[in-house]
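K.L.:
Sequence:
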Amino acid sequence: MLHFYDSSPYSIDTQRRRLKPAYGDFQRASTQLTQSLPYKICSPIPDNHLEHICFDASQPRAFTHSVLLELTVPDGERHMDDSHMVYIHPQSQLYLDINDTSRSVSLPPFPDTLRFPTRTAFLDSMIELFLDPPSGRMHSRRDTKLRSWISYFLTYTLRNEPRELPNGELEPEHAEVVQSLKPENQSYFDNYARFRTPDRSASAKDHKAVLEKLGRHEEARRPLIQSIRLDPEFMAQRLAKRKLEEERKLANQMRPYSTLALGRSMSTFNRFIRLIR
4 MLHFYDSSPY SIDTQRRRLK PAYGDFQRAS TQLTQSLPYK ICSPIPDNHL EHICFDASQP
64 RAFTHSVLLE LTVPDGERHM DDSHMVYIHP QSQLYLDIND TSRSVSLPPF PDTLRFPTRT
124 AFLDSMIELF LDPPSGRMHS RRDTKLRSWI SYFLTYTLRN EPRELPNGEL EPEHAEVVQS
184 LKPENQSYFD NYARFRTPDR SASAKDHKAV LEKLGRHEEA RRPLIQSIRL DPEFMAQRLA
244 KRKLEEERKL ANQMRPYSTL ALGRSMSTFN RFIRLIR
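Numbering-wise, the sequence shown is residues 4 to 280 according to the numbering used here.
Hint data in this document are derived by calculation from the structure and do not stem from the laboratory.
There could be a bad hint or two in this list.
[Stated by the list, open to error] Okay, derived cross-link-like pairs now, BS3-like style, lysine-lysine, Cα gap no bigger than 25 Å in a straight line:
#1 K185 / K216
#2 K208 / K185
#3 K148 / K208
#4 K148 / K185
#5 K43 / K148
[What the hints assert, rightly or not] Pairwise CB distance ranges, derived in the manner of DEER restraints:
#6 R245 / E215: 17 to 23 Å
#7 E249 / E172: 36 to 42 Å
#8 E164 / E249: 45 to 51 Å
Think of the CB as a built atom: it goes at the ideal place given N, C-alpha and C, for glycine as much as any other residue.
Could you build the full structure based on these sequences and the hints that come with them?
P.N.:
As structure tokens, then:
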């Protein structure tokens, strides 16, 4: 069941509490938060922020240059609206220009210095991060989150159905969003809105081709995103372990029958000995 809202269902106090960690810029944010609020730098990084070991044994972080903070308030004393984890990102990691106020808005009653990305800025950021991440490589956990966020946006913000009209054009509201995006991101979102899932490498090439046409040669000629593949050594070890477990399970299942068969054989042998005496 889906619930749609045209305004926040939460009180201002709840919104303030949830947004408290957002105050402060990146240069001062970690220090400011850990000194003035109950947060500390999270170490070690939780597994759900690391790459799956089956793809990379070194398990790189989802956001290599970002700082992850965790709440220090004991579990029993936490408020339901406290943010348990807070990421502090350099703007370059998310393709957001914090000085470009045309792509961000303030939400009263919060101060104008607390900015939120516009719908267009958010989508541009997510698509660019998905197709051309600063790390230069895919990351299964990060990329799953990005696709989820884009899907949430389509589900909860753009509600008109069907998305694709009988004549093949996008529904007007969806088409308007596509046109609002940066030229290099329009094709990907157009396909996504139509429930098409083009090959990611092909989408990344199309993204760079548009950048090249726009004369943004430095961005266009950066290496294409590196794919991730299952680590063959890890998979071989995993298969060997699974085979051993299956063999042990089979042996345990067969043992009672072997014992029973042996018992019956000994009983028959004893009767035979008695008969020939």
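K.L.:
Indicate, hint by hint, whether the structure satisfies it.
P.N.:
To see whether the hints hold, each was checked on the structure:
With a CA separation close to 13 Å, the supplied pair K185 and K216 stays within the 25 Å bound. Between the alpha carbons of K208 and K185 the distance comes to roughly 16 Å, so the proposed pair stays at or under 25 Å and holds. At most 25 Å may separate the alpha-carbon atoms for a hinted pair to count; K148 and K208 meet this at roughly 22 Å. Between the alpha carbons of K148 and K185 the distance comes to roughly 21 Å, so the proposed pair stays at or under 25 Å and holds.
This hinted pair checks out: K43 and K148 have alpha carbons roughly 24 Å apart, not beyond 25 Å. Between R245 and E215 the C-beta distance comes to about 47 Å, which lies outside the given range of 17 to 23 Å. For E249 and E172, the hinted distance range of 36 to 42 Å is not satisfied, since their beta carbons lie about 54 Å from each other. Restraint check, E164 to E249: a C-beta distance of roughly 47 Å satisfies the suggested window 45 to 51 Å.
Violated hints, listed in ascending order, are 6, 7; each of the other numbered hints is respected by the structure.
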